[in-house]
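Asks: In order, the protein sequence lines correspond to chains R, L and G.
Counted from 1, the first sequence has number 3 at position 3 by the numbering used here; the numbering is strictly sequential.
Counted from 1, the second sequence has number 20 at position 20 by the numbering used here; the numbering is strictly sequential.
Counted from 1, the third sequence has number 45 at position 45 by the numbering used here; the numbering is strictly sequential.
Source of the hints: derived by calculation from the structure; they are not laboratory data.
Some hints could be false.
Unchecked claim - When the alpha-carbon atoms are kept at most 25 Å apart in a straight line, the in silico SDA-like pairs for lysine to any residue are as follows:
1. L:K85 x R:A70
2. L:K85 x R:G114
3. L:K85 x R:Y113
4. L:K85 x R:Y49
5. L:K85 x R:V112
6. G:K12 x G:L78
7. L:K85 x R:F41
8. G:K61 x L:V169
9. L:K85 x R:D76
10. G:K61 x G:G136
11. L:K85 x R:D125
As the list claims (entries may be wrong) - Simulated DEER-style distance windows between Cβ atoms:
12. R:L5 x L:K85: 36 to 42 Å
13. L:R82 x R:R108: 42 to 48 Å
14. L:I23 x G:L7: 31 to 37 Å
15. R:Y65 x L:F10: 24 to 30 Å
16. L:Y12 x R:R108: 38 to 44 Å
17. L:A104 x G:L7: 45 to 51 Å
18. R:E129 x L:F10: 53 to 59 Å
19. G:R8 x R:A64: 40 to 46 Å
20. L:L174 x G:F93: 17 to 23 Å
21. G:P16 x L:L13: 33 to 39 Å
Note that beta-carbon positions come from the ideal geometry of N, C-alpha and C, so glycine has one too.
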Amino acid sequence: MLEILGDRFTYAVILVLMMVGLYAVIATGNLVKRMVGLSIFQTSVFLLYIATAKITGGAPAIFAYSDLAAGTIPDDAVYANPLPHVLILTAIVVGVATLAMGLALVVRIREVYGTIEDDELSEIDHDDELKKGV
Amino acid sequence: MNGAEITQVFDYLLMVMLLAISIAVIRLQNLFAVVVLTGAYSLIAAAWFVSLSAADVAITEAAVGAGISTVLLLAAMLLTSREAKPTSAFRHWSALVVMTAAGAAVFYALGDLPVYGSADTPANTGVGMDYITRTPEEINIPNVVTAVLASYRGFDTMGEVFVVFAAGVGVALLLNLSGRGRREEGGE
Amino acid sequence: MNPYVVLRVVSKLLIPLIFLFGLYVHFHGEYSPGGGFSAGVVLGVGVILFALIFGMEAARKAVPPYAARFGMALGALLFASVGFASLIMGGEFLNYTVLHPDRTYVGQHIGIIAVELGVLTSVTSVIIAIFYAFAGRERSGDTAED
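Sequences are here, hints too, so could you generate the full structure?
Replies: So, in structure tokens, the structure goes:
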């Protein structure tokens with residue numbers, strides 16, 4: 001048990017970070033703070049992906065230009081796995097675009113309802129329904 | 001201490017800082033502090049990306065996390081409210097229950113994850129390593145990440161660009177890109 | 001008019017350097033860490049810093065909102081059109097090898113540069129457009145729901 005944890009300590013820490021982000025999403029009623037919780041969760045997922053690509057003693061997957069031009073890339077060179085890097089690189093930019101989308105919705109909600117606390121929002125909705133006589 | 005051990009110590013430091021910041025984010029109610037701490041969180045995550053030998057990702061995360069998301073969150077905070085209202089104890093307990101259940105599930109699966117840093121895991125022996133061996137003759141550029149991003153997985157990247165485009169259009173539709181015309185509809 | 005003289009002077013020095021660094025990250029992206037996504041974000045941050053220090057009006061004059069809107073679509077279209085170009089020239093969609101008669105990695109280089117330019121245009125414009133959308137908004141009064 002302890003051995004399993006020792007070999008995967010980095011993953012364990014990242015999973016704890018992820019759970020803290022999840023807690024921040026659920027435990028707060030403020031929509032801006034909830035977006036912050038989501039982005040913490042998201043960054044932790046990025047960390048998990050990149051951590052699986054790590055190879056002990058490996059360099060970033062970039063060749064020396066002189067080696068490449070001469071065709072003499074050493075066979076025993078160790079590089080980190082570039083595939084998760086690519087996936088996460090694009091995911092980060094998409095993440096900020098979707099974060100902006102969510103924040104735009106929050107701003108619109110504030111303009112229409114005058115609040116961004118979710119219990120007050122559902123109260124207003126509830127009162128509206130009562131007024132309509134549903 | 002050799003270089004690898006020093007790096008390991010720095011990694012532990014970064015982990016402690018990330019944990020401290022995420023717990024502070026939960027406890028604080030002042031949104032300004034929360035937003036600035038999120039920027040710091042991203043910056044520290046970027047530092048960790050460097051240590052995990054993902055240089056490209058680190059550059060992007062530093063620019064996005066510490067730059068753009070912080071500015072966007074600040075703008076949204078200024079347009080909405082500065083303080084979050086504290087939530088009920090019931091809500092905190094239920095969040096704790098959900099977190100514990102989900103945490104138990106992922107920690108149960110932890111043993112199935114590959115050993116950290118080993119080269120012969122399923123993720124690190126497949127197509128990813130093929131890209132490294134084939135890039136020199138097929139693409140002939142030094143940065144394998146760029147080669148995979150733009151060429152081997154060009155279709156994927158095109159989809160991502162369209163997602164970014166769609167999000168930009170969505171925000172512009174929701175918030176009226178030029179910013180004019182708000183006052184006319186203000187009296188609804 | 002603006003009391004933050006230090007900020008203005010320092011950012012006047014910094015903003016050109018940020019743009020230069022963004023272009024370096026983009027055009028050196030094949031040789032060192034970087035590429036269209038990172039460079040687009042850095043360039044976007046440069047414009048955002050300019051807008052924060054010198055005001056929205058100055059920023060709208062420097063980078064008009066319609067340019068940002070146009071750039072969003074242009075970048076995505078540029079990416080897709082490289083795919084269609086390789087389709088027309090007899091390869092698969094986004095197979096850049098056919099873009100040069102040599103049919104070696106030269107075509108790949110052309111394709112990667114064109115595609116990265118598309119990514120750069122799109123990401124920069126989207127970042128600027130999103131910032132304009134948020135910054136152009138005014139905080140609504142607390143009576144908004146009346």
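Asks: All hints are to be evaluated individually against the structure, with a verdict given for each.
Replies: Structure-based check of each hint:
1. L:K85 x R:A70: Not OK: L:K85 and R:A70 at ~63 Å, beyond 25 Å, violated.
2. L:K85 x R:G114: holds, 14 Å
3. L:K85 x R:Y113: holds, 16 Å
4. L:K85 x R:Y49: violated, 34 Å
5. L:K85 x R:V112: holds, 19 Å
6. G:K12 x G:L78: Violated: G:K12 and G:L78 sit about 32 Å apart, past 25 Å.
7. L:K85 x R:F41: The given pair, whose Cα atoms are some 22 Å apart, holds under the 25 Å limit.
8. G:K61 x L:V169: holds, 21 Å
9. L:K85 x R:D76: The given pair, whose Cα atoms are some 57 Å apart, is violated under the 25 Å limit.
10. G:K61 x G:G136: holds, 14 Å
11. L:K85 x R:D125: OK: L:K85 and R:D125 at ~19 Å, within 25 Å.
12. R:L5 x L:K85: 36 to 42 Å: holds, 38 Å
13. L:R82 x R:R108: 42 to 48 Å: violated, 19 Å
14. L:I23 x G:L7: 31 to 37 Å: holds, 33 Å
15. R:Y65 x L:F10: 24 to 30 Å: holds, 29 Å
16. L:Y12 x R:R108: 38 to 44 Å: About 43 Å separates the Cβ atoms of L:Y12 and R:R108, which means 38 to 44 Å holds.
17. L:A104 x G:L7: 45 to 51 Å: holds, 50 Å
18. R:E129 x L:F10: 53 to 59 Å: The hinted range 53 to 59 Å holds for R:E129 and L:F10, with Cβ atoms some 55 Å apart.
19. G:R8 x R:A64: 40 to 46 Å: holds, 42 Å
20. L:L174 x G:F93: 17 to 23 Å: Violated, at about 33 Å.
21. G:P16 x L:L13: 33 to 39 Å: Check passed, 35 Å falls within 33 to 39 Å.
The structure is inconsistent with the numbered hints 1, 4, 6, 9, 13 and 20, although it conforms to all the rest.
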